[in-house]
Amino acid sequence: RKEVEQDPGPFNVPEGATVAFNCTYSNSASQSFFWYRQDCRKEPKLLMSVYSSGNEDGRFTAQLNRASQYISLLIRDSKLSDSATYLCVVNTAGGGADGLTFGKGTHLIIQP
Amino acid sequence: EAQVTQNPRYLITVTGKKLTVTCSQNMNHEYMSWYRQDPGLGLRQIYYSMNVEVTDKGDVPEGYKVSRKEKRNFPLILESPSPNQTSLYFCASSSPTHYEQYFGPGTRLTVT
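For the record, the sequence lines run as chains W and P.
Numbering-wise (the numbering used here), the first sequence opens with residue 1 and increments by one.
Numbering-wise (the numbering used here), the second sequence opens with residue 1 and increments by one.
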């Protein structure tokens, strides 16, 4: 089983709709979870960290389900500018550069 | 402005001709990493460094070398590039207490 799995998509979603996608991880000892956004041919950038209690940042909500070992990202009222690839990142070690595992990303296309 | 810079941004070279991709960060971060990104394979870590003079192999280190003589710089060296090293390369840095990775703009390398 792969360490971090994501549905590659693409998810084609009309502007204004709500879209959600999940990411599953295999290591139950994983400690930290993140969503990164990557625009085409650009560098990944942190979108949000995922906390145990769930967290919200504007139109974006991230949730963690430790029992089922997945994290989710919900985008409400989607905008054309939300079109990007969303990378799930899991940290399985004590922190820092040595324990990060990236998912392959979910491609989201918001259509006018 | 806090940033990670990489040079060159684009490089076309021939098999066997040694090359170096430079990476520099101005955030005084201890952790630095190199990744390569290939279609269908996602981001894979090549090498990482947890501090000056401390480097370690990531998931795909074969054919690459790194050095960390100064905190701000983390060059990636390809002693004898081969076509299978054609890829998009990202350098990243982070602090040990904050897991956010800051990525450079990427270097697109083609080896013919």
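One should not assume that every hint holds.
[To be verified] Short, incomplete list of chain W residues facing chain P, as computed with Cβ under 10 Å:
id, residue
1, T18
2, V19
3, F21
4, S30
5, E43
6, G105
[Unchecked claim] Below, simulated EDC-like cross-link-like pairs (lysine to aspartate or glutamate); rule was C-alpha separation at most 20 Å, straight line:
id, chain 1, residue 1, chain 2, residue 2
7, P, K17, P, E30
8, W, K79, W, D57
9, P, K18, P, E30
10, W, K42, P, E70
11, W, K104, P, E79
12, W, K45, P, E79
13, P, K17, P, E70
14, W, K45, P, E62
15, W, K104, P, D38
16, P, K18, P, E1
17, P, K57, W, E15
18, W, K104, W, E5
19, P, K69, P, E53
20, W, K79, W, E15
21, P, K18, P, E79
22, P, K69, P, E79
23, P, K71, P, D38
24, P, K71, P, E1
25, W, K45, P, E70
26, W, K104, W, D39
27, P, K17, P, E1
28, W, K45, P, D56
29, W, K42, P, D56
30, W, K42, P, E53
31, P, K65, P, E100
32, W, K45, W, D82
33, P, K69, P, D38
34, P, K17, P, E100
35, W, K42, W, E56
36, P, K18, P, E62
37, W, K42, W, E3
38, W, K104, P, E1
39, P, K69, P, D56
Calculated from the structure, these hints are not laboratory results.
Here a beta-carbon is modelled for each residue, glycine too, at the ideal position from N, C-alpha and C.
Given hint E56(W) paired with K42(W) - CA-CA distance at most 20 Å: Violated: K42(W) and E56(W) sit about 25 Å apart, past 20 Å.
Given hint D56(P) paired with K42(W) - CA-CA distance at most 20 Å: The given pair, whose Cα atoms are some 26 Å apart, is violated under the 20 Å limit.
Straight-line alpha-carbon gap K104(W) to E79(P), limit 20 Å: 28 Å, violated
K18(P) paired with E79(P) [C-alpha distance capped at 20 Å]: 5 Å, holds
Closest C-beta approach of V19(W) to chain P relative to 10 Å, hint status: Violated - the Cβ of V19(W) stays beyond 10 Å from chain P, reaching only about 21 Å at its closest.
Satisfaction of hint between D56(P) and K69(P), Cα-Cα up to 20 Å: 14 Å, holds
Pair hint K79(W) and E15(W), alpha-carbon separation not exceeding 20 Å: 6 Å, holds
Restraint outcome when S30(W) is required to lie within 10 Å of chain P by C-beta distance: Given a least distance of 12 Å, the restraint on S30(W) is violated.
Straight-line alpha-carbon gap K57(P) to E15(W), limit 20 Å: 43 Å, violated
Pairwise hint evaluation, E1(P) against K17(P), where the allowed Cα distance is 20 Å at most: The given pair, whose Cα atoms are some 34 Å apart, is violated under the 20 Å limit.
Hint check, T18(W) versus chain P [nearest Cβ-Cβ separation less than 10 Å]: Constraint on T18(W) not satisfied, violated at 26 Å.
Holds or violated: K79(W) to D57(W), with C-alpha atoms at most 20 Å apart: Status holds; Cα separation ~15 Å.
Of the numbered hints stated above, those contradicted by the structure are hints 1, 2, 3, 4, 7, 9, 10, 11, 12, 13, 14, 16, 17, 23, 25, 27, 28, 29, 30, 31, 33, 34, 35, 37, 38, listed in ascending order.
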